[in-house]
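With the hints as your guide, set chain B onto chain A.
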Amino acid sequence: MDSRTAKGIVWMKVDLEKLQRWANDPEEAGHHLEELIAAVSSEEEEVVSWASESLENCGPPPKEKWTWIADRLSKESGDRQYWLCTLAGRIEEPEEAMERALVEVASGEQVAEANAVRACWALERFPRLADSSRLAIQHLADTSPSPGLRQAAAKCSASAG
Amino acid sequence: MKGIALIDRRLIHPFAAALLATWIGLALGVWGYRVTGEQSDRTRTQPIAIQPIANPTTLLPARTQQTILVASFNIQAFGQSKVENPWVLERLAAVIRQFDVVAIQEVRSKDTATLPRLLQAINQTGVQYQYLIGPRLGRTSSQEQYAYVYDSSRIIASPQATYTVLDGKPTGSTTQEVGIAGQPDLLHREPFVARFVVKTLPQPFRFTMANVHTDPDEVKSEMDVLSNVWNGVRAFERLQASEDDLLMVGDFNADPPRFGKLGQIAGIQPTISGIPTNVRGTSLYDNIMHDAAATKEYTGRAGVFSLVQYFGLSVEDALKLSDHHPIWAEYSAFEAPAPGAPQTIASDPYGSTVR
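Residue numbers (our numbering), protein chains in the order written: chain A, -19 to 141; chain B, 6 to 360.
Just chain A, same shape as in the assembly (with noise of 0.2 Å):
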């Protein structure tokens, strides 16, 4: 495996036969999430598909990973944004900072539209959100100009309580 770090991205090289590996041993894929999140933005299609195979099957993310996937939540973009929300939304009791970092990918100008619903949904999973967090799901819930982002927000909203 080869990785280096160029201007705050992670790039990592990934062979097709760790990801089918991976895909099918939820265990380990956890411990190689920077690679798997890595690879969603590859642009050979098999690693894409996967790399995406595995982080649909490898359940919640070990703690280990989550200071890890806080930083990046707000830093990526695209799949690779998809993903980490979606893993952000798989851990029980999660910490403040993933919250924060949640929440500003859902209310994110420059965010796509499937990635801000994504963090909505990770966000209602959470046992409970901060007063801060509700007011600005809340106000997505009124104000998104994306009726699917509306409706994930006030499902959320909702949902906090």
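For the record, the hints were derived by calculation from the structure and aren't laboratory data.
Everything hinted at is true.
No farther apart than 30 Å at their CA atoms in a straight line, the calculated lysine-lysine pairs in the BS3-like style are these:
1. A:K135 with A:K55
2. B:K325 with A:K(-2)
3. B:K204 with B:K301
4. A:K45 with B:K325
5. A:K45 with B:K225
6. A:K(-2) with A:K43
7. B:K225 with A:K43
8. B:K266 with A:K135
Using the frame of chain A, we list chain B on its own:
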């Protein structure tokens, strides 16, 4: 349903679909995809002798002219690497040849030759399978397609009567899409629907299949939406084709106790229960469902076609084919009378019908 007239997409009137959309909260569109069993030169592979360990008859009922076998198979991330691996491709082909119609999930390839290459492998033995394939679906760049592969010597499919449930994402690109503008995206991969008829006389079994693959992260909400899809497609099929037999098949990522509102629909019957459908043997994800009152053609036989048993593989090797086993259900090749319809049980010499 009488006659063999299959619906033309022009007959799926936008008004009728929009009416249903209002009712079910989803819009039904007709993204028809015409597909044939054409094969290209690049799809040629060398025949490989596969020697299954288990005789199919130990895993499946004997195939007869009186019945058909309908299957569902999630071929995990089916794309270039599987198509180009003869060991995998030939085994997938051998599996599909066991059934009359197979609903496939997880075709993941932009290469339009992917499914034709599988078809060529299937037809290498002289059988005549064809396929229907839906649009690429999904919220990320890794999108999936549903497909149906069927034995054209036994089954007729109408490409003009296939459509994808349109889930609030109208592109506005064609007049055949009738989505509700602004309707939120409720399903990750909208079901792909197709209508089939068995080539038999005098009263062939006709049925509609809805191919499903839920998002494992959104099973609960998608199951509730699928109950609307069930009701909507059923009403649409009754209206457009007088068709009452709907089989909802695929990878639900849930066992029947977790079917939510879908499982609460009166009469709905999952044919697979109490047995794992994944290769690791831990979970029941896949099912074939129908309305027990309407689909009297179901013989009561259904099951899991174990890749491990059929090929005598280790779990690790079976996972090279897929993380799911195919599942199957058996139906009569002949149409049963619709519930409540007059049934002729005897005739008197004067020609009057005794009910």
